[in-house]
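Top to bottom, those sequences are chains A and B. Going by the working numbering, the first sequence opens with residue 1, and the numbers climb by one from there. Going by the working numbering, the second sequence opens with residue 1, and the numbers climb by one from there.
Everything labelled a hint here was simulated from the structure, so no lab data went into it. Heads up, a few of these hints could be off.
The list treats identical chains as one, so a pair stands whether inside a single copy or across any two.
List of simulated lysine to any residue pairs, SDA-like, C-alpha gap at most 25 Å [as the list claims (entries may be wrong)]: (1) 72 <-> 8; (2) 2 <-> 146; (3) 287 <-> 16; (4) 287 <-> 42; (5) 213 <-> 50; (6) 72 <-> 378; (7) 287 <-> 3; (8) 306 <-> 38; (9) 296 <-> 205; (10) 2 <-> 349; (11) 296 <-> 211; (12) 287 <-> 204; (13) 2 <-> 322; (14) 287 <-> 65; (15) 2 <-> 67; (16) 296 <-> 376; (17) 306 <-> 282; (18) 306 <-> 44.
2 protein chains.
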Amino acid sequence: MKFASRIARLHASPVREILRAATGRQVVSLAGGLPDPDTFPQLAGLESQRSQYGLTEGDLDLRQEISALLAKRGLCCPPERILVLNGSQQGLDLAAKLLVEEGTSVLCESPTYVAALQVFSLFGAQLEGMAIGPEGSSRQDLTESFRRCDPAMAYVIPSFQNPTGALWSEDAREALASELDHRTECVLLEDDPYGELWWGQAPPAPVASRLRKAPWIYLGSFSKSFVPGLRMGFLACSEELITPLERLKQASDLHSNRLAQGWVLSDLCDPNREERLADLRARYRFKCDVFAESLKRHFPNAQFRKPSGGLFFWANLVPGRDLRDIAHLALEAGVAFLPGEHCFPSAPDLGWARLNFSHASVEDADRALGVLAGICRSR
Amino acid sequence: MKFASRIARLHASPVREILRAATGRQVVSLAGGLPDPDTFPQLAGLESQRSQYGLTEGDLDLRQEISALLAKRGLCCPPERILVLNGSQQGLDLAAKLLVEEGTSVLCESPTYVAALQVFSLFGAQLEGMAIGPEGSSRQDLTESFRRCDPAMAYVIPSFQNPTGALWSEDAREALASELDHRTECVLLEDDPYGELWWGQAPPAPVASRLRKAPWIYLGSFSKSFVPGLRMGFLACSEELITPLERLKQASDLHSNRLAQGWVLSDLCDPNREERLADLRARYRFKCDVFAESLKRHFPNAQFRKPSGGLFFWANLVPGRDLRDIAHLALEAGVAFLPGEHCFPSAPDLGWARLNFSHASVEDADRALGVLAGICRSR
């Protein structure tokens, strides 16, 4: 494993180190720049002890609950290796700061999450794509991709991949884990924002849980299963990575919002959480089914696969048709969608579209697809 | 002005660009990954329209209020050039990403804010310190410092500087503005977390408000005047900088917590806000006065200046005495403080301590200073 050269210049905050040394002891602190807690106004839903500056890593009670949540997904990670984030997007920023500098080889699925490409490119990554099918990457594709680019980081979204909706099978996950364990230089960055948005069957255990030696970072989000406006996510990681990641978080924004941490904690402790998620899944399953019907009706020749979780359809709407000019015309006609070209690390395929089915009402979505189909026919 | 080379690789998010083009029009969006708003639980204090993903730049109503707040401070900046941040620390991260790469010359006060040094170093800055007195840097020191290092960025905290408590005078601010306006390559980064924590007189208008040509970024915080646990801050900037800064924010964490944005907005609109701040100032003035008395009593030879705002005393406790071994002994004895050495960009002076007076009770602070004095006498 090789950190970006900037990490050699990453120092701990002396204030935070002093306060850490004082944890659990009766210490009068003149060290930090903490306001007088008696000056804090009372805010509804904010326990007063969460009004003050908090720990960079996040509140311990929340990290304990996240640790328990991960155990249910099959990933064993103590609270000490969990970092609460300002949305899981922040985990991409921290991972890039840790590992990526000009020319660093980063392997990712092709296509993949647009905003991950944005961050990795910013830090200078040499992006390498690996093909994925509906059940992930084949063992042969994996091995070839790794051999070709010898990546410092492998970025994957194994559960209801963005944008394709792919759900990596047990086999594909095992193959990736085994490939990583046979290398010494590559860190797994596993992004799992949709892991709770399944219908049918829960996804197999994370790739990270299958590793024996390789270093890893796993990202989770509460934006999809709780409230996106709170901007709450987290990372879990292998032991050698937590200290530099925590320092990077500290340098980025000291720590995450504690009011939101309190709300996420109360949700995780809510005995009705599973019931709430079951309702959410039923609603999304319904929207997904109706969307698939609309898509078939408006685009009879479209290539797509109905996802069994997540938020997106990935569709080749009119095979052979370049979609680049359509996005602009669609917007004029009141319909927004993401042309697939943006999702490719290189060599974009121009016929695909990423279509979100969770947000619009089923009626609006059907109408929007009708408008899109009309545009495709007329041009 | 010269951006870091990574900025050439900073692309806008296509999803956000599509949604921006759709602003104000009736558009059915299948573009983003937005959850169904009907799935959001009701949270106390969170208006339902703030539950969804929001704008990278922050909610417009909040940015309008921040713009009005800045106007009162003498800084004219429209909402379009304001970016809501996850605490003003995030502004340091964004400014460093924008401007700093290996070897970039950054001029800052010596001593200065520890966590700013941490971020600038991480990105590879060549740090250059300029001496400051209680009223800022002299015109001659300024000119010499700029000539010596020809900085790409000048970082200053002109109001109740951390750690010295210095309040840059009108003259010093004008001198800095004039120096910057005579250069073409240097961006001002003005950090103002304590601007509302004054007693006596409000600080002079920001340096940024005095510039005619030079590019600038101004950072503000609601951690000291409202609630630190919310992690809310903002930046305002000159026109040529807002687009790359917004994209950097987008790549970092999409946008800031909207629940906290709602709370800060309601505070800024609260007709009793000035009264609340007056109470806060009176409380801090009292704590500051008592702390100064305690300091004099326990350290009769100490060199320090009682600040007229902010959160810190900067004191040479026992002139000639190296304080490095004291911090550890003090912690053993139940007292934490920040040895001043950490605050210097280079060549630390080892006799100074940064002492916070806002957090501990006046009794605890007095006791802590007594403990510190005992240790200094006994060793």
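Do the hints match the structure? See the list:
In this assembly of identical chains, the alpha carbons of residue 72 and residue 8 never lie at most 25 Å apart, being 36 Å within a copy and 43 Å across copies at closest. Taking the closest pair of Cα atoms, residue 2 and residue 146 come within 25 Å of each other only inside a single copy of the chain (16 Å); across copies the shortest separation is 37 Å, beyond that limit. Proximity of residue 287 and residue 16 under a CA criterion of 25 Å is satisfied inter-copy only: 24 Å between copies versus 47 Å inside one chain copy. In this assembly of identical chains, residue 287 and residue 42 lie within 25 Å of each other by CA distance solely across copies; the values are 22 Å between and 40 Å within a copy.
In this assembly of identical chains, residue 213 and residue 50 lie within 25 Å of each other by CA distance neither inside one copy nor across copies; the values are 37 Å within and 43 Å between. Within a single copy, residue 72 and residue 378 get their C-alpha atoms no closer than 51 Å, and across copies no closer than 55 Å, so neither meets the 25 Å cut-off. Taking identical chains as interchangeable, the C-alpha atoms of residue 287 and residue 3 are never at most 25 Å apart, the minima being 43 Å within one chain and 45 Å between chains. With identical chains, the CA atoms of residue 306 and residue 38 are at most 25 Å apart between copies only, with a shortest distance of 23 Å across copies and 55 Å within one.
In this homomeric assembly, residue 296 and residue 205 never come within 25 Å of each other (Cα to Cα): the closest approach is 32 Å inside a single copy and 62 Å across copies. Taking the shortest Cα distances, residue 2 and residue 349 never come within 25 Å of each other, neither inside one copy (32 Å) nor across copies (35 Å). In this assembly of identical chains, residue 296 and residue 211 lie within 25 Å of each other by CA distance neither inside one copy nor across copies; the values are 40 Å within and 60 Å between. Taking CA atoms no more than 25 Å apart as the test, residue 287 paired with residue 204 passes inside one copy only; the shortest distance there is 24 Å, against 57 Å between copies.
Taking CA atoms no more than 25 Å apart as the test, residue 2 paired with residue 322 passes in neither setting, with 40 Å inside one copy and 38 Å between copies. For the homomeric pair residue 287 and residue 65, neither the shortest alpha-carbon distance inside one copy (30 Å) nor that between copies (39 Å) is at most 25 Å. Taking the shortest Cα distances, residue 2 and residue 67 never come within 25 Å of each other, neither inside one copy (27 Å) nor across copies (44 Å). Taking the shortest alpha-carbon separations for residue 296 and residue 376, only the intra-copy value of 15 Å comes in at or below 25 Å, while the best inter-copy value is 80 Å.
Taking the closest pair of Cα atoms, residue 306 and residue 282 come within 25 Å of each other only inside a single copy of the chain (15 Å); across copies the shortest separation is 63 Å, beyond that limit. For a Cα distance limit of 25 Å, the shortest separation of residue 306 from residue 44 qualifies neither inside one copy, at 42 Å, nor across copies, at 37 Å.
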